[in-house]
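Enquirer: Whenever a hint applies, use it, and build me the whole structure from the sequences.
Number of protein chains: 2
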Amino acid sequence: MADETRANVLLAVQELNYKPNAVARSLMNARTKTLAIIFPNVSDGFSGTVLSGVEDAAHAQGFSIIVCKTGGGRERTLDYLQLLAEKRVDGIIFASEVLLPEYATFIQKLRIPLVVLSGESSDPSVPTLRCDDRLAAYTAAAYLISLGHERIGMIYGGAYGTPEQNGRVRGFEEAHRDHGLALTEGQVQLMDGFAFKDGQVGGQRLLATLTDLTAVFASSDELALGVMSAAHARGLQVPDDLSVMGFDDLPLAEMCLPPLTTVRQPLYGMGRRAASLLLDHLQGIQKLGENVVFPTTIVERQSVRRR
Amino acid sequence: MADETRANVLLAVQELNYKPNAVARSLMNARTKTLAIIFPNVSDGFSGTVLSGVEDAAHAQGFSIIVCKTGGGRERTLDYLQLLAEKRVDGIIFASEVLLPEYATFIQKLRIPLVVLSGESSDPSVPTLRCDDRLAAYTAAAYLISLGHERIGMIYGGAYGTPEQNGRVRGFEEAHRDHGLALTEGQVQLMDGFAFKDGQVGGQRLLATLTDLTAVFASSDELALGVMSAAHARGLQVPDDLSVMGFDDLPLAEMCLPPLTTVRQPLYGMGRRAASLLLDHLQGIQKLGENVVFPTTIVERQSVRRR
DNA sequence: CTGAAAGCGCTTACAG
DNA sequence: CTGAAAGCGCTTACAG
Chain A
1 MADETRANVL
11 LAVQELNYKP
21 NAVARSLMNA
31 RTKTLAIIFP
41 NVSDGFSGTV
51 LSGVEDAAHA
61 QGFSIIVCKT
71 GGGRERTLDY
81 LQLLAEKRVD
91 GIIFASEVLL
101 PEYATFIQKL
111 RIPLVVLSGE
121 SSDPSVPTLR
131 CDDRLAAYTA
141 AAYLISLGHE
151 RIGMIYGGAY
161 GTPEQNGRVR
171 GFEEAHRDHG
181 LALTEGQVQL
191 MDGFAFKDGQ
201 VGGQRLLATL
211 TDLTAVFASS
221 DELALGVMSA
231 AHARGLQVPD
241 DLSVMGFDDL
251 PLAEMCLPPL
261 TTVRQPLYGM
271 GRRAASLLLD
281 HLQGIQKLGE
291 NVVFPTTIVE
301 RQSVRRR
Chain B
1 MADETRANVL
11 LAVQELNYKP
21 NAVARSLMNA
31 RTKTLAIIFP
41 NVSDGFSGTV
51 LSGVEDAAHA
61 QGFSIIVCKT
71 GGGRERTLDY
81 LQLLAEKRVD
91 GIIFASEVLL
101 PEYATFIQKL
111 RIPLVVLSGE
121 SSDPSVPTLR
131 CDDRLAAYTA
141 AAYLISLGHE
151 RIGMIYGGAY
161 GTPEQNGRVR
171 GFEEAHRDHG
181 LALTEGQVQL
191 MDGFAFKDGQ
201 VGGQRLLATL
211 TDLTAVFASS
221 DELALGVMSA
231 AHARGLQVPD
241 DLSVMGFDDL
251 PLAEMCLPPL
261 TTVRQPLYGM
271 GRRAASLLLD
281 HLQGIQKLGE
291 NVVFPTTIVE
301 RQSVRRR
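Line by line, the protein sequences are chains A and B. If you count the first sequence from 1, position 76 lands on 76 in the UniProt record's numbering, and the numbers rise without skipping. If you count the second sequence from 1, position 118 lands on 118 in the UniProt record's numbering, and the numbers rise without skipping.
Don't read these hints as lab results, they were simulated from the structure. What you were told as hints is all true, and nothing was included just to trick you.
DSS-like cross-link-like pairs, simulated, lysine-lysine; straight-line CA separation at most 30 angstroms:
id: 1; chain 1: B; residue 1: Lys-19; chain 2: A; residue 2: Lys-33
id: 2; chain 1: A; residue 1: Lys-19; chain 2: B; residue 2: Lys-287
id: 3; chain 1: A; residue 1: Lys-197; chain 2: B; residue 2: Lys-197
id: 4; chain 1: A; residue 1: Lys-287; chain 2: A; residue 2: Lys-33
id: 5; chain 1: A; residue 1: Lys-19; chain 2: B; residue 2: Lys-33
id: 6; chain 1: B; residue 1: Lys-109; chain 2: B; residue 2: Lys-287
id: 7; chain 1: B; residue 1: Lys-109; chain 2: B; residue 2: Lys-33
id: 8; chain 1: A; residue 1: Lys-33; chain 2: B; residue 2: Lys-109
id: 9; chain 1: B; residue 1: Lys-19; chain 2: B; residue 2: Lys-33
id: 10; chain 1: B; residue 1: Lys-19; chain 2: A; residue 2: Lys-19
id: 11; chain 1: A; residue 1: Lys-109; chain 2: A; residue 2: Lys-287
id: 12; chain 1: A; residue 1: Lys-33; chain 2: A; residue 2: Lys-109
id: 13; chain 1: B; residue 1: Lys-33; chain 2: A; residue 2: Lys-33
id: 14; chain 1: B; residue 1: Lys-19; chain 2: A; residue 2: Lys-109
id: 15; chain 1: A; residue 1: Lys-19; chain 2: A; residue 2: Lys-33
id: 16; chain 1: B; residue 1: Lys-109; chain 2: A; residue 2: Lys-19
id: 17; chain 1: B; residue 1: Lys-33; chain 2: A; residue 2: Lys-109
id: 18; chain 1: B; residue 1: Lys-19; chain 2: A; residue 2: Lys-287
id: 19; chain 1: B; residue 1: Lys-287; chain 2: B; residue 2: Lys-33
Derived coverage of chain B by chain A (criterion: at least 3 residues anywhere in the stretch with Cβ under 8 angstroms from a Cβ of chain A; other residues may be distant):
id: 20; stretch: 12–22
id: 21; stretch: 26–34
id: 22; stretch: 44–50
id: 23; stretch: 85–96
id: 24; stretch: 222–233
id: 25; stretch: 244–258
Glycine included, each C-beta is placed from N, C-alpha and C at the ideal position.
Expert: Spelled out as C-alpha cells, the structure:
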C-alpha cells in the first residue's frame with residue numbers, strides 16, 4: 001500500500017474516531033477475550049487481592065475480567081453461569097467456593113475452560129489452585145507448640161463437610177497428636193464462615209469455655225481479628241494474655257494492632273496464576289489439568305508470643 | 001405454535017445444550033449489557049464495597065461488570081478506555097480517580113454514558129456521585145472540638161491540587177475558624193495517597209512535631225489505622241492519649257482495635273446508585289446529568305474520647 | 001400470523 | 001498481492 005494511502009486511512013480513522021468493533025470480531029472467531037471470576041463475596045480483602053492478580057495477568061494479554069458475586073447461593077451461581085455461557089466468556093475462575101457437581105457439569109457441557117481457586121472441587125478433572133491446607137495448619141500449630149503453647153484453640157470457618165475433609169482442621173489435630181498433646185471437647189470451633197463476626201462468636205465461645213487457652217489459631221485473618229475483639233472484650237491482652245494467629249495474610253493483617261502473625265497464602269500470585277493458566281490454555285500453549293499447590297509461609301508479626 | 005412443537009423445540013434446546021449467543025445479539029442491537037468500572041486499585045475495602053453495590057444493581061438487570069485497574073496511571077487508563085471502546089461497553093463508572101480532561105473527551109467522543117464516583121471531575125457535564133467533603137470534614141472537626149479537643153491534627157491523602165480544592169481540608173479549617181481555634185504549621189499533613197503507609201508516615205510526622213495534639217482526623221480509614229500504628233509506636237494509647245477519627249467506614253473500621261470512630265460514606269449505596277443511574281439512562285428512563293450528593297454520618301465507636 | 005431475507009461489522013478463504 | 005464474497009448468530013423489517 002502506498003504510504004500516502006496509509007496516511008489517508010489513518011487520518012480518516014482519526015477523524016471518524018473509528019474503533020474496531022470487538023463484538024463483531026468475537027462473533028467471527030468465537031473468542032471474546034474476556035475471563036470471568038466468580039466469588040461468593042467481592043468486598044473482602046481475600047477477593048480483592050486475588051482479583052488484583054487476575055486482573056494484572058489478564059490485562060497484560062488484552063483480556064478483560066467480568067466479576068460475579070454469588071453470595072454463595074446456588075440460584076445466583078447458576079444464573080451467572082447461564083449468563084456467562086451466553087456471553088461466551090473464554091474461561092472461568094471459580095474462586096473460594098464449593099464447586100458443586102451441578103456447576104461443574106454445567107460448565108463442562110459448554111466446554112468453557114474452568115479453574116478452581118482456593119475452593120473445594122468435587123470434580124478431580126477440574127484443575128485446582130490452592131495451598132496445602134493440611135500442611136499449612138500443621139506447621140502453624142507446630143509453630144505455636146514450639147513457642148511453648150500447649151492449650152491452643154482453633155476456629156475453622158468452613159463448617160460444610162466433615163472435619164476429615166477440612167485439611168486445616170486435620171493438620172491442626174495431627175500436629176497435636178505428633179507432639180503428644182491431647183485435644184479436648186470444644187477446642188476446635190466450626191463456624192459457618194470466615195468472617196469477622198464468626199471469629200467474634202467463635203472466640204467468645206472458646207474463651208468462655210476453655211479458660212486455660214494460651215493461644216488461638218484462626219483459619220482466616222478476619223476470624224483472627226474477631227478473636228482479638230473477643231479477647232479484648234474479656235479484658236485479655238494480645239499477645240500477653242493470649243496469642244492469636246491468622247491465615248491468609250490479607251492487607252489488614254499488617255494494619256491491625258497488634259499486627260497479626262499469620263500463615264501467608266500468596267493470593268495475588270494465585271490470582272495471576274489462575275489467569276495465566278487459562279490464558280496459556282486458550283493459546284494452546286498447554287493443556288489444562290494439572291493442579292497447582294502454592295507454598296505458604298508463616299509471617300511473624302506481633303500477635304503471638306513465646307510462653 | 002402447537003404445544004407439541006414447542007415441547008420439541010425445548011427438548012432440542014436441552015439436548016443440544018443450546019445457549020443464545022449474546023455476542024451476536026449485541027452486534028445487532030448495539031448493546032452489550034455490560035458496564036465497566038475503573039478503579040486505581042481493586043484490592044482495598046473502598047473499591048470492594050463500591051464494586052459490591054455496582055454488581056448487585058447491574059446483575060439485577062442482567063448486566064455484567066468489567067473491572068479495570070489502572071494503578072492511577074495515565075497510560076494504563078487510556079489503554080483501558082480504548083479497550084472498553086472496542087468492546088462496546090454500555091456505560092462506564094469512573095471511580096475514585098481524577099477524571100482528566102483527556103479521559104473525558106475520549107469517552108465523550110464515543111458517546112459512552114459516563115459517571116464519576118467519588119473522584120474529581122474536571123468536566124462539569126459529567127455527572128458525579130459523591131459526598132459533600134467539605135461539610136463532612138467540617139462536621140467531623142466540629143464533633144472533635146465539641147468533645148473538648150483543641151489541638152487536632154489532620155492527614156489528607158490527595159496531595160494533588162491546591163488545598164483550596166480539597167473539600168475535606170477546607171471543612172476542617174473552617175470548623176477551626178468558626179470555633180476560634182488557630183491552626184499552626186504542619187497541623188494538616190498532605191500525603192500522596194489514602195493508604196495505611198501514608199497514615200503511618202503522616203502520623204509519625206504529626207506526633208513527632210506537634211506533641212500537644214489530643215486528636216487526629218484522618219481522611220480515610222486506612223490513614224487512620226496508620227495513625228493508630230504510629231501512635232502505638234510512640235507508646236500512645238488510643239483513645240486515652242490520642243483520639244483518632246477516620247473517614248469512609250470501611251469494613252475494617254469495625255474490625256480493628258479499638259474500633260474506629262469514623263465518617264461514614266454509604267459506599268455500597270453509592271455503587272448501586274452509580275450503576276442504576278447508568279442503567280436507567282440506557283433504558284431511556286432518565287437523562288444523565290444530575291450530580292448526586294450522598295449524606296455522611298458520624299459513626300461513633302471507640303477510637304475517640306472526650307477530653 | 002408465518003417465513004425468508006437483509007444486515008450488524010468483522011475475518012477468512014478464495015478467485016482474479 | 002488485491003479485492004469481492006461468504007459467513008459468524010442473532011434481530012428486525014418486510015413480503016406472502
